Each structure stands twice: as C-alpha cells, then as structure tokens.
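Spelled out, the chains give:
Protein chains: 2
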Amino acid sequence: MTPAPSPEDLLAAATAGDRRALARLVSFVEEAGPGGDGVLAAVHPATGRAWTTGITGAPGAGKSTLTSRLVEVIRLAGTRVAIVAVDPSSPFSGGAVLGDRVRMQEHAGDHGVYIRSMASRGHLGGLAAATPRVVAMLDGVGFLEILVETVGVGQDEVDVAANTDTTVVVVTPGWGDGVQVAKAGLLEVGDVFVVNKADRPGVEQAVDDLSQMLEMGGDRAWRPPILPVVATTGEGIGAMWEAVHRHRDHLVASGLLAGRRAARLLAEFEAALRAGLRDRMRQAVADGGGEGVAAAVAAGTVDPWTAARRLLERTDL
Amino acid sequence: MTPAPSPEDLLAAATAGDRRALARLVSFVEEAGPGGDGVLAAVHPATGRAWTTGITGAPGAGKSTLTSRLVEVIRLAGTRVAIVAVDPSSPFSGGAVLGDRVRMQEHAGDHGVYIRSMASRGHLGGLAAATPRVVAMLDGVGFLEILVETVGVGQDEVDVAANTDTTVVVVTPGWGDGVQVAKAGLLEVGDVFVVNKADRPGVEQAVDDLSQMLEMGGDRAWRPPILPVVATTGEGIGAMWEAVHRHRDHLVASGLLAGRRAARLLAEFEAALRAGLRDRMRQAVADGGGEGVAAAVAAGTVDPWTAARRLLERTDL
Numbered sequence: 000m001t002p003a004p005s006p007e008d009l010l011a012a013a014t015a016g017d018r019r020a021l022a023r024l025v026s027f028v029e030e031a032g033p034g035g036d037g038v039l040a041a042v043h044p045a046t047g048r049a050w051t052t053g054i055t056g057a058p059g060a061g062k063s064t065l066t067s068r069l070v071e072v073i074r075l076a077g078t079r080v081a082i083v084a085v086d087p088s089s090p091f092s093g094g095a096v097l098g099d100r101v102r103m104q105e106h107a108g109d110h111g112v113y114i115r116s117m118a119s120r121g122h123l124g125g126l127a128a129a130t131p132r133v134v135a136m137l138d139g140v141g142f143l144e145i146l147v148e149t150v151g152v153g154q155d156e157v158d159v160a161a162n163t164d165t166t167v168v169v170v171t172p173g174w175g176d177g178v179q180v181a182k183a184g185l186l187e188v189g190d191v192f193v194v195n196k197a198d199r200p201g202v203e204q205a206v207d208d209l210s211q212m213l214e215m216g217g218d219r220a221w222r223p224p225i226l227p228v229v230a231t232t233g234e235g236i237g238a239m240w241e242a243v244h245r246h247r248d249h250l251v252a253s254g255l256l257a258g259r260r261a262a263r264l265l266a267e268f269e270a271a272l273r274a275g276l277r278d279r280m281r282q283a284v285a286d287g288g289g290e291g292v293a294a295a296v297a298a299g300t301v302d303p304w305t306a307a308r309r310l311l312e313r314t315d316l
Numbered sequence: 000m001t002p003a004p005s006p007e008d009l010l011a012a013a014t015a016g017d018r019r020a021l022a023r024l025v026s027f028v029e030e031a032g033p034g035g036d037g038v039l040a041a042v043h044p045a046t047g048r049a050w051t052t053g054i055t056g057a058p059g060a061g062k063s064t065l066t067s068r069l070v071e072v073i074r075l076a077g078t079r080v081a082i083v084a085v086d087p088s089s090p091f092s093g094g095a096v097l098g099d100r101v102r103m104q105e106h107a108g109d110h111g112v113y114i115r116s117m118a119s120r121g122h123l124g125g126l127a128a129a130t131p132r133v134v135a136m137l138d139g140v141g142f143l144e145i146l147v148e149t150v151g152v153g154q155d156e157v158d159v160a161a162n163t164d165t166t167v168v169v170v171t172p173g174w175g176d177g178v179q180v181a182k183a184g185l186l187e188v189g190d191v192f193v194v195n196k197a198d199r200p201g202v203e204q205a206v207d208d209l210s211q212m213l214e215m216g217g218d219r220a221w222r223p224p225i226l227p228v229v230a231t232t233g234e235g236i237g238a239m240w241e242a243v244h245r246h247r248d249h250l251v252a253s254g255l256l257a258g259r260r261a262a263r264l265l266a267e268f269e270a271a272l273r274a275g276l277r278d279r280m281r282q283a284v285a286d287g288g289g290e291g292v293a294a295a296v297a298a299g300t301v302d303p304w305t306a307a308r309r310l311l312e313r314t315d316l
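Taken in order, these protein sequences are the chains called A and B.
For the first sequence, numbering that gives the first Met the number 0 gives the first residue as 0, with consecutive numbering after it.
For the second sequence, numbering that gives the first Met the number 0 gives the first residue as 0, with consecutive numbering after it.
Hints should not be assumed to be uniformly reliable.
Unchecked claim - Have a look at the derived ranges for each label pair, beta carbon to beta carbon:
#1 Ala11(B) to Pro33(A): 35 to 43 Å
#2 Gly173(A) to Ala238(B): 23 to 31 Å
#3 Lys182(A) to Gln282(B): 43 to 51 Å
#4 Gly237(B) to Lys182(A): 48 to 56 Å
As the list claims (entries may be wrong) - Sample of chain B residues lacking proximity to chain A, with all beta carbon distances greater than 10 Å (derived):
#5 Ala12
#6 Leu39
#7 His43
#8 Gly47
#9 Gly111
#10 Thr232
#11 Glu269
#12 Leu276
#13 Trp304
#14 Arg313
Keep in mind that the hints were calculated from the coordinates and are not lab data.
Note that the structure is a prediction, hence the values are computed from the model and not measured.
Every residue gets a Cβ at the ideal spot worked out from N, C-alpha and C, and that includes glycine.
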C-alpha cells in the first residue's frame, strides 16, 4: 500500500507546479483545524513574497472581467498568478457571462494561472475565515501575484478584500451617487479606485463624486487614485496595474507594509486561538463536568468574566 | 470629597429600585473591559431568575407596539419588566410613531418598567456583544421579565434576539410569501410566531405558509405555535403571552433550559476571552517586540497557527 503523501511532499510538489498537490493542500487549509494548521505552519517560512490585491465592488461592476484582464497583464510579464474568487456569482466560481467564461478557459490552460473558487464554502463567516489561509498557502508555494475577488456587499466580503496588500474598489458610472460606495464601507478600504465601463456616460461625474468623498477623508500619506477603465476592451488596465505598483512602492518605502502584514498575522493568530478555544470548550462541556474552567462556567459556579480574566492572567501572550 | 460609590453600593441601590444607580451600572457593563466585567462578576450570583424574551421581525412588523402591549400584560401581574431595544428605529430608542411614543411615556412613569435603548452604540458588532451583558445586569438587579427587541434583518440582530430563553418572531400578512422569514434565518430561531396586524387580509395565508415551512423543519419536541395578534388593539396578546409561558414550562420540564443557558454563559466566556486576548495583543505589539507570543507572531518569527496551538496547550480550559 502506498502511504498518503506527507504535507511536506505535497508542498514540494505544489511548489514545483503540481496542480493536484496544490488543490489538495488548499482543501486542507480551507478547514480550520489541526491538519490545515500544520500545513500552514510548514509553509509559513516561504510566505511573504506574494503581493495580494483585493478586488471588490457592487455586483455587476465588472470585477471578474477586470480580474481576467489583470491576469493577462500579469502573465505578459511571465509572473505566476493565483485568483481566489469569493463571489459565488463570479465566472471564476463557475457561473459566468459567456465571454468571461471563454476567457477563464483560456487561463485554465495556462499553468502559470491558478483559480480557486471559494463559493462552495457557503457560510460567509467560514469564507472570511478561510480566505487568508488559502492566500497564505498560495503565497507559500510561489505565486507572486494573488488576486482576491469579492462582491463588496456586507462587512465580511469587504473585510476579505481589505485584508490584502492593495485593495482595488470597482465602481461604474451607473452605480449611482457614490452614497452606495460610502455605505458599503468601500471608501475607507480602497487604495485604488477604478471607474469601470468608462465608455458609458457619467464617468466624469463618478470620478468627481469619488474624488470629493475621498477628500473628505482628510490628508493621507497615500491619495487613492481614481482611474477610468473599460475592462471589456482592456482600455486603462495597464494604468490601473501601474497604480497598484505605485501603491506597493508607497507601502514599502513608508514602512507601512510591515505593520499591515503584522496586523494580518495577528488576526490569523486570534482566529486560530478562537477556533482552538471553541473546540476545547465544546469538548469540556461534552465530557460533562470535569475540572476545567469551561465546565465551571457552564455549570454557573464561576462567572464567565472572572473565568476569562483568570485564564488570561495565566497565559504568556 | 465624597468617594464615588462602589459597584457593590450601586448594585444594592439598583436592586432597591434606584434608577440612576441602575443606569450607571448598565453604562458600565455595556463596555467590554475590566470595569464592567467586575460589575458583572459581582452580580452573577443573583442572576438566572429572569425570563428573557426576544422579539424580532422585519421593520414595520409592529414589534414595538407588541412589546409595549406585553409590558402592559406583565405589569398587570405586578412583575418588574425591563426592555432592551436594539432596533434604532424603535420608539423605545427615541424615534417613534406618535401613539407608541405616548404609550412609552406612560411606561416611563412606571417604576416597575425600565427601558434601555442600545441604539446609540452604533456599531452592530458592539451591540451584539453588549446586549447579553446588559441583560445579565438587569437580571441580577431583579427584573423578572426582560424583553429584547431587535429588527430581524442581518445575522447579528437575529442572533441577539435568539440569544434569549424564548424567541418571538413577528410577521405580518403583508410581509410576503414567507421566503423573507426563511432567508432572514428567523424560522430556525422562533419559539413562538406571531402574525401581527391580523385584522388585515391574508392572515390565514400567512399562518398556513408559516405552518408549512415549520413542518419542513421536521419533528421537534416543541412545535412553535403561530398566533394571530392585533397589537394596536391588544387582541390576542394574552394568548401570545400564554404561549411564551408554555414554552417556558416546556424548557424547564424537558431540562433543555439548563443547556441553553450554559451555552449562553460559554458564549460570554468566549467573548470575554476574545476581548482580553485582543487587548493583550494590542499591548504586546505597542510595547514593540518583547518576549511575548503575540510579538513573535507579529514579527513573523513564529507562524500564527503554531503559536495558537502552543498557547492553548498550556491553558487548562
């Protein structure tokens, strides 16, 4: 009997370009738990080289077409690129506008492109938790560009897109008065704004509206550029990708990148602690009583707040 | 100089009916942190006597009018009642339909009624975290009935209402085909369903729709009753309150109540741990380096998943 390949073997194979090994690893880390955590721990030393770009905006803003165009630009430079599609309506996730689907299939035949749809995970909280794990995995096996596409509706989706190095917010002239952008919390997270479908009327108005709203945010070291783009024809895509690179240079030169990435590592640490705590609590209660703190809380013999304080006092965070 | 009253003094005063002391205590515990945690720990032994009823449903379903009617029924029995209004559009939160506002003011003059609006907390995650703390506080100072009113839109709001002993879901004949109820996740959390505005056409259809959807949920020890009510006139309110009592008897007799309440205590424990962990992490990073685990994660010298596992191994949950 052939033994199952170890995580180390799978990592070596995936790094060398074995897509089946990669798919297995990604499936591993999508699930919170000891198995996936072990793989992530093993791959951690190799991470930190990828640039992650979040792409978010309202449904219908053309995020997938834009993402597809970016893949073309990145592949022209010969760089390996991974796409993580969190939007279930994205053609990257199976559903598709025909033209996009054809383009996806072209990418699918390119071994420098890896597409992972997270849509099948269903539960949104799970998606938000799984995405940074998958991104770390792809970073660790050598994808130098990672694009994370999410629909910018709801806090969780916006957070997923914002949880990257550069966040691109996509709007359209028809998307309305910009109030929608503000309400969805997209103004705060955007590093680069794209007005897509710029061949339609109202582009200048959309750019002006965005510009004014961003100015209200006050002085910032980085002024998010607002770029008109026609994703369907590719017009403006090069300038937009240059803007992402300028943002990257800014983060590196200002030293802000280290802080951003440290915050993301700490968020993962917290998520792993939470998941572990929850398992332990479930187990403590299932075991029925016992001497543990969780059992005492469940029985009401100690209040939750005192129990938490005592436990925290004993940890060396 | 008069020393500030201790939490113990405030608790004694609030339990004796001093509303200013109570308001100060509630403000204390709304904020996560050592101050409020201490008050909650002090009040914990006195908690567990209140029955908490969540009231949720779509905007415009008449939750506030219904809540107001319930207060009248409860006060007729001489029982002290507290209302925690999480819905910013609720008249309990200041905004109001005129008739409701008048009714609120009648309650406001009644020392057996305490109304706390949580609307000013703004951030919804904060609201969801603060509500169980405020409810525990009100329980501890002797309110035997606590009504928690939330708008049933969005997971957080639904969770707040479901985080009670009995959850009442309010619908109206005009609310549509019931798909809305299902989509909002209200079918799963409702212990008692109320079809409000039952003087309008379509009541029987609404009751039938709900009934069919609930049957699809399969056999359950408790079959949620569906009760027509006209909150504006008070018609059916008595029967509805009786249904809440039957649900209470069911939870007590079946032994399910203990499990439900233990789960809520554990959720609070987890929330307190999370808040504490977050503070510690922020501090560790602010202190710049240091020997702690969080600092090592932020610096990338240990991966988040290994760090979490090691820390959990050392705790005696």
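Evaluation of the provided hints:
no.	hint	result
1	Ala11(B) to Pro33(A): 35 to 43 Å	violated (49 Å)
2	Gly173(A) to Ala238(B): 23 to 31 Å	violated (51 Å)
3	Lys182(A) to Gln282(B): 43 to 51 Å	violated (34 Å)
4	Gly237(B) to Lys182(A): 48 to 56 Å	violated (42 Å)
5	Ala12	holds (21 Å)
6	Leu39	violated (5 Å)
7	His43	violated (4 Å)
8	Gly47	violated (7 Å)
9	Gly111	holds (27 Å)
10	Thr232	holds (38 Å)
11	Glu269	violated (6 Å)
12	Leu276	violated (6 Å)
13	Trp304	violated (4 Å)
14	Arg313	violated (7 Å)
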